[in-house]
Amino acid sequence: MHHLVIDRWSRGSSPLHARDPRAKLAVLLVFLVAVSTTPPRAQLAFVAYAALLIVAIRLAHLPLRGMAGRAALVLPFSATFALITWWSGDPLRALALAEKSFLSGMAALLMVSSTPLTAWTAALESWRAPRMLILVIQFVYRYLFVIAEQAQRMRWAALCRRGTQKGYFDFSAAAGLLGVLFARSWQRADGIYHAMLSRGFHGRFVPSPPPPFRASDAMFCSTCFAGCLAIRLLL
Amino acid sequence: MHIPDGFLTPPVWGTLDVISAPAVAWVARRAQRNTQDQQIPLLGVMGAFVFAAQMVNFPVGPGTSGHLVGGTLLAIVLGPAPAALVMTAILFLQALIFQDGGVLALGANVFNMALLGVAAGYLPCRLWGRKPLTIFAGGAFSVMTSACLALGQLRIAGVPMAGSVLWASLGLFLIGALMEGAITVAAVRAIERLNPAWVAGGPQSSSSRTLPALAMAALALVVAGTLISSAVPDGIQRLTGQGGTTAAWNLRVIDGIGGLILIFALCFLGGKLIFRRRSA
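Going down the list, the protein sequences come from chains X and R. Sequential numbering of the first sequence, starting at 1103, is according to the numbering used here. Sequential numbering of the second sequence, starting at 52, is according to the numbering used here.
These aren't lab readings, by the way, just hints derived from the structure by calculation. All C-beta atoms in this analysis are idealised placements derived from N, C-alpha and C, irrespective of residue type, glycine included. Do not rely on the hints blindly, as some may be mistaken.
Example chain X residues on the side facing chain R (calculated, C-beta under 7 Å, incomplete) [claimed, not checked]: (1) Ser-1138; (2) Gly-1207; (3) Val-1214; (4) Ala-1250; (5) Phe-1273.
Covered by chain R, per the in silico footprint, the following chain X stretches (three or more residues, Cβ under 8 Å) [as the list claims (entries may be wrong)]: (6) 1122-1136; (7) 1230-1238.
Pairwise CB distance ranges (calculated) [said to hold, decoys possible]: (8) Asp-1109/X with Ala-219/R: 35 to 43 Å; (9) Val-216/R with Leu-1106/X: 29 to 37 Å; (10) Ala-264/R with Pro-1311/X: 42 to 50 Å; (11) Glu-1251/X with Asn-246/R: 19 to 27 Å.
So here's chain R without its partners, still in its complex pose:
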């Protein structure tokens, strides 16, 4: 779900651009440290592969078909940081050349799909080992996280959505998420059959699980929060004491994004503390 320009208000796209730019720089540094020379063309060709793979239609039931989104597959093949970098490059090209997603909204799209989307796809395999079930969960969770984040940002920006529209879009997201899970499992299995070495370097469940577990919990909270706030929008409004839609939207923006950052900061700090205590 690529957000075009004109949908997000300046505080929303501004904040997400400011968050995403250093995050991408960090991911690029990490990817550079972990890749050898020969992998530079590999990263580019894998990005082109994901573009091309989106042309291959997978039939799902009568009359409907889906295609690979690719974040989880890239994370399994290349590792999380290179995968996030490749997804960022794809989003740049889609925004500028294919008119798919906006330029000012690039920070938001990178945040939703390249950073947190790839993280959500990678974490289940990192936590519970690389099994068909975790790959499926990763694919589904990745799409669901990106979609819920995009939906949340659109609502924070004040794009009006009635209850029925919300439920319809959430239903579509859920179908898309299950499809991505199934397609990723099938693709990984097909690749493994050709050469197991290609996916062998992927995530393994290792000793330090606290940080990934907390990150996973934070992402799950984002998805659950979006689902709950769409299920009972009136309840949330009553909770925050805002009578109607006339409430100052910039206050809502600060509330929403501030809450998100707070949750992530808490999870991150908590994880660091526990991690340090364990390793000491």
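Same shape as in the complex, but just chain X:
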């Protein structure tokens, strides 16, 4: 099965990986709010935020270039709007728009690259996020690549059978493919449920108790909060 590179990154071991997911989520939110409320003229602050992120990425033993490449996925959208803003005569604001969206994307990426999905969803649940939503998020993530690979295989098979012009794919054939993909997904869900039953599922998931919030986590939180606050207020 094709695994997302984030999945591999999130299982690493580093000082950042060892922190409590609740602490990392809280720091992420504070960082995002600080970036969001920084005025466009405080360009120095954006440099400081980037420096803070780079230090954290180094601390987490994650590849800086790979992460920047993934975070750059936000750029096409924000660059379009930044260009429009530039044209309407506000270059500083245009720059801030692109910087804010890139830094925010990078921070979210750092959080999920240093925390396994089960850990951050458990943290959300301990903050009273609806249990049903958490379950659906976990199931979607678990079967995302299974179903996506099935779709890819079916697309290739359909193209091989048709053997017409390259890439040409007729509308009703695409709809039929979607129908079959739906049927296979439905069957898979049925199979998953029966597998759960045979492993003793009785209609309720028992959440595991959250690990204790250690002094080092509190230290990490307060250091990061102080850093964000200092950049936001002083620069």
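Assemble the complex: chain X is given as a structure, and chain R must be docked to it using the hints.
Quick look at chain R alone, frame taken from chain X:
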């Protein structure tokens, strides 16, 4: 249209986060009440299906293709509350793992696409029965509502948009909306051919139509309002007495969001009153 972080101002994303969080909790409770055990994996797998379905390209004319957005299809297959929940889960994963949409802007994206987008896709079928025409209308209306809401929020947040840019984006939205309608109809038909039972549990037009009709009117008002305000931005500005773009943006924020909430509250209360009188 996923709004990334950095575009919305704190009052805008803050308000929408505060609105969306209890709404998602309510949707989750409703979905939990209406689903059996065996449907928990089904909801997750359907979310994964929508992700995968977005990889299947539908050719529309020479050189262009579109893909399913999926809110309407989910609402027809699973019902509105589970569909909104699945869409919320997808938006969470897109924001955190795929860098598609922001984390602080998650409330806005959930509001636009998971809550009102799914509602807009579901309502036509709920009002006039499940026919190809209503499914088409649902798909198109769903995309149009999400897009207009996102556009409105960006403008309230003060992202400058010239008239030509607005018209170009509205044109793109309209094409996207028509495509979503056509793809949803084709997909529902293909699924029905394989096993009619899968889509049989979907929306049916039933006796109580007042509330859905009012909700539909409110959503239509949102779309129409966005279209009109983009068509004559100067007129709106003259109407509100704001000379230029230098007007305090936080006032505009309060105006915009307050107006939206007021319209929804009025429609909701009116619907409740009429509903109660009818059933009494």
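Verification of the supplied hints:
Because the smallest distance between the Cβ of Ser-1138/X and any Cβ of chain R comes to about 6 Å, under 7 Å, the interface hint for this residue holds. With its C-beta approaching chain R no nearer than about 5 Å, Gly-1207/X sits inside the 7 Å limit, and its interface hint holds. Proximity of Val-1214/X to chain R holds as hinted, the smallest CB-CB distance being about 5 Å (cut-off 7 Å). At about 4 Å, the closest approach between the beta carbon of Ala-1250/X and any beta carbon in chain R falls short of 7 Å, and the interface hint on this residue holds.
The beta carbon of Phe-1273/X is positioned within 7 Å of a beta carbon in chain R (closest approach about 6 Å), and the interface hint is therefore held. Under a criterion of three residues with beta carbons nearer than 8 Å to beta carbons of chain R, the stated coverage of the segment 1122-1136 of chain X is upheld, 4 such residues being counted. With a cut-off of 8 Å between beta carbons, the segment 1230-1238 of chain X has 6 residues touching chain R; three or more are needed, and the interface restraint holds. In this structure, Asp-1109/X and Ala-219/R meet the distance hint of 35 to 43 Å, their C-beta atoms being roughly 38 Å apart.
The supplied range of 29 to 37 Å is met by Val-216/R and Leu-1106/X, whose beta-carbon atoms lie about 35 Å from each other. At about 48 Å, the beta-carbon gap between Ala-264/R and Pro-1311/X stays in the expected band of 42 to 50 Å. Evaluation of the 19 to 27 Å hint for Glu-1251/X and Asn-246/R yields a pass: the beta carbon distance comes to about 23 Å.
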